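Q: Here is how the chains run, residue by residue.
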Amino acid sequence: MESLQITWFVLWSVLWVVYFALDGFDLGSGILMNFISKNDDEKRAVINTVGPFWDGNEVWLITAGGATFAAFPKAYADMFSWFYIPLFMVLIGLILRGVSFEMRGKTESKKIWDVFIFVGSLLPVFLLGVAFGNIWSAVNITEKGYTEGTLGLLNFNGILTGFTFVVFVCMHGALWLYYKIEGEFKLRIYGVVRKTWYVSAFLFGIFILFIPHTLNPNFNLNSFSGYLTVVFYGLAAFMIILIKKSIDKGRDYISFLKSFVFMIFWFAGGFASQYPNLIPSKNVEFNVSIFNSSSSFYTLKIMTIVALIFVPIVVAYQIWIYKILNHKINPADKESLFY
Amino acid sequence: MDLLFLSRLQFAMTAAFHFLFVPMTLGVVVLVAIMQTFWYKTGEEKWLKLVKFFGKLFLINFAIGVVTGISLEFQFGMNWAEYSKYVGDIFGVPLAIEATVAFFLESVFLGLWIFGWNRVSKKIHLISIWMVALGSNLSALWILFANGFMQRPVGYMIANGRVELVNFTEFLLNQYGWVKFFHTVFAAYVVGAFFVMGVSAYHLLKNKESIFRSSFKLAAYFGALSSILVFLFGDFHAKDISKFQPTKFAAMESVWETKKGADYPLILIPDEKNEKNAVEAIKIPKFLSILAAYDPNYEVKGLRDFPKEDRPPVLITFLSFRVMVVLGFLFIALSFLSVYLSYKNKLDNNLFLKAMLYSIPLPYIAMQLGWIVAEVGRQPWAVYGLLRTRDAVSQNLNLNQVMFSFFGYGLVYTFLGILGFYLMVKNAKKSID
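Protein sequence lines, in the order shown, are assigned to chains A and B.
Under the numbering used here, the first residue of the first sequence is numbered 1, with each subsequent residue one higher.
Under the numbering used here, the first residue of the second sequence is numbered 1001, with each subsequent residue one higher.
No wet-lab data here; the hints were simulated from the structure.
As the structure is a computational prediction, the values presented were derived from the model and not from experiment.
Careful: at least some of the hints might be erroneous.
Short, incomplete list of chain B residues facing chain A, as computed with Cβ under 10 Å [stated by the list, open to error]:
1) F1062
2) I1064
3) A1081
4) Y1083
5) F1091
6) G1092
7) I1097
8) T1100
9) S1107
10) N1396
With a cut-off of at most 30 Å between alpha-carbon atoms, the simulated DSBU-like pairs for lysine-lysine come out as follows [said to hold, decoys possible]:
11) K334(A) with K1052(B)
12) K1430(B) with K1217(B)
13) K106(A) with K1052(B)
According to the in silico footprint, chain B covers these stretches of chain A (three or more CB under 8 Å from chain B) [stated by the list, open to error]:
14) 55 to 69
15) 77 to 87
16) 90 to 96
17) 290 to 299
18) 306 to 313
Ideal Cβ placement from N, Cα and C applies to all residues, glycine included.
Let the hints inform the model, and build the full structure from the sequences given.
A: Here's what the structure looks like:
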């Protein structure tokens, strides 16, 4: 039983990590779009780089939600009802952003869609950051659950982590656009890439300085989860230096891939630190852990089989489609713009 | 206004709104895939034009359908935390599988389909639209397994203060879920068929020689076949309901007294207050028993046999069911007439074409009514016989939070509804001849 619960903690973390690493670049592109584009064609180019992929990326979030439901129903119920308003705002953001990609090209007025794409990208990233900042620094849970509402989440660690998410995602998005776009626009994006890298490196440092995990009473540096956290953060730090080297050499594809790996390491560090809790509590008595919130042995077994068969298939065809549609997009070439 | 009521209203609103877009996705994607197959086989230009035309309408619809689906999956945990804790061991499984098996297929291949024109071979491009069709239909299958469990729980036991899965095979073979799946999916095909016929009729009214003759004809055959299948599976479904959900069946037919060999009144007005029917006229002998179990002497349970707190609201369930059934017959009649007229090459009657154009909303209405029967008729239970709706709602929310999300969804969905309708009409009117 215990090994299945641990397996599902790992799978649960993997789903979230992959979600952030994948959707991260299209959310980042959405945040940056209005600020880096000089004209409508450039905005369209940005949307066309993420057009074929954003929906498939977002399904990782749905799957993470569904997997939480199936494997840890109590954690799913607690997490989603305790963080009700922020989660609602995340959903509204994603709803508005999703329709904007599709509708922008089909209506005369573009302004409203541009606003929705910005807000709908920024809000989910920031609020998920706030949520995980609180989780990583442990939540004030009492016998009545978490009762401090939305304002209770907007503490220093929540906001710091929220900003960190936003900044990392912007760098990730900038590198995606740098890789996918060609022509004069690419040269300007290069400047954005450099700026977002510096801000990211700076916030990475601040985050490590204030390291929220130390506020989690369950967190113990001298444990497997503690070691793993250090290793992942170490690798993330290493990756951020490697990204800079590739950026300096102007190697677009490699720097994006490195950014992808960076995102994976960084989020993995966060998830490793909270093991074995799904929602760590300041009062350790009320931890929502993989041991007190999981489904039955039988359900976990079935879900493991399903995941082992289907997740590799999904990964395979998703990679395949990224490869097929790996062409560059030039704002000057209107033929290549579908949206 | 209490928290339970508002949460129910919010779920009803978000689910009903989402389901305005789902059936068209399910139905039109199959028709577009068939059209694209014709183009692939024959190379005829008209099929390509039709694929692009209906593909565009499909995408507008899909965009709203997909984004409004996210909030449904999260709402179980947000507003129905007690439900999620109590049945999550089972209910979470089909939802997680739906995402893994169906949503990825649907959205990843749709990306390839939209952006793959001229980038992949015609064959891969054709396969990608069929993958989207497969993905969306698979997602219907898994979500209806989940709903099937709420209607007729199987393969479980009560342990550790919750419902736990003990037999996955039994869960997967839940006949209730399968029959409901076919009934729902074929109904969605009717929505798709009437949509394509209606839009084609609009263009045929302007130009009798338009290439929309071809799409009309295809949709007519598709609609005729589907409307018959909806009827058949609906009939099977009624047997399951009378067997496993006697209170729902009694409410659908407004039956108050238990009776063997029950008659079927064609005209009926329920009087819920006095637990009887105000009017019952033109009775078909023993027909209700036949509807309930193919057995003229079958004993149909009446609502008075059940405690008041176990009965669903009767009037709304009854009316929704009756109107749905009448519409179902109308769809059979209209689609067979359409098949006949297209077969005879007589698609030139303006009155008929106008009727088909204005019939577009009818299958949508029928599907919404069907879900009202399914969900209102299941009350007061969230999971039939196991968990009451009032015990399923989240305990730690306050009214202001739900008020905020309710009006938030209301606002955003109103905007999406108006937008979707406007864009759909605008693009449906564009000529492609």
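Q: Double-check S1107(B) for me: the hint is only fine if its C-beta lies closer than 10 Å to a C-beta in chain A.
A: This interface hint holds because 4 Å falls under the 10 Å limit.
Q: With a cut-off of 10 Å, does the beta carbon of T1100(B) approach a beta carbon of chain A closely enough for the hint to hold?
A: Holds: closest Cβ of chain A sits about 5 Å from T1100(B), inside 10 Å.
Q: Using Cβ atoms only, decide whether G1092(B) comes closer than 10 Å to chain A, and label the hint accordingly.
A: holds, 3 Å
Q: Going by Cβ atoms only, is A1081(B) closer than 10 Å to chain A?
A: holds, 4 Å
Q: If you look at each residue in the stretch 55 to 69 of chain A, do at least three have a Cβ nearer than 8 Å to any Cβ of chain B?
A: holds (count 12)
Q: So, F1062(B) near chain A? Judge it on the closest CB pair being under 10 Å.
A: Holds - the Cβ of F1062(B) comes within 10 Å of chain A, reaching about 8 Å at its closest.
Q: Given that the stretch 77 to 87 of chain A was listed as covered by chain B, double-check it with a C-beta distance under 8 Å for 3 or more residues.
A: holds (count 9)
Q: Taking a Cβ-Cβ distance under 8 Å as contact, does the stretch 306 to 313 of chain A have three or more residues in contact with chain B?
A: Satisfied; 4 residues make the cut.
Q: Min Cβ distance, N1396(B) to chain A: is it shorter than 10 Å?
A: Holds, because the Cβ-Cβ distance from N1396(B) to chain A comes to roughly 5 Å (cut-off 10 Å).
Q: Taking 8 Å as the C-beta cutoff, is the stated coverage of the stretch 290 to 299 of chain A by chain B satisfied by three or more residues?
A: holds (count 4)
Q: Does I1097(B) pass the interface hint, meaning its C-beta sits closer than 10 Å to a C-beta of chain A?
A: Hint on I1097(B): holds, closest Cβ of chain A at ~6 Å, below 10 Å.
Q: Given that the stretch 90 to 96 of chain A was listed as covered by chain B, double-check it with a C-beta distance under 8 Å for 3 or more residues.
A: Contact hint for the stretch 90 to 96 of chain A vs chain B: holds, 5 residues under 8 Å.
Hint compliance for this structure: every hint is met.
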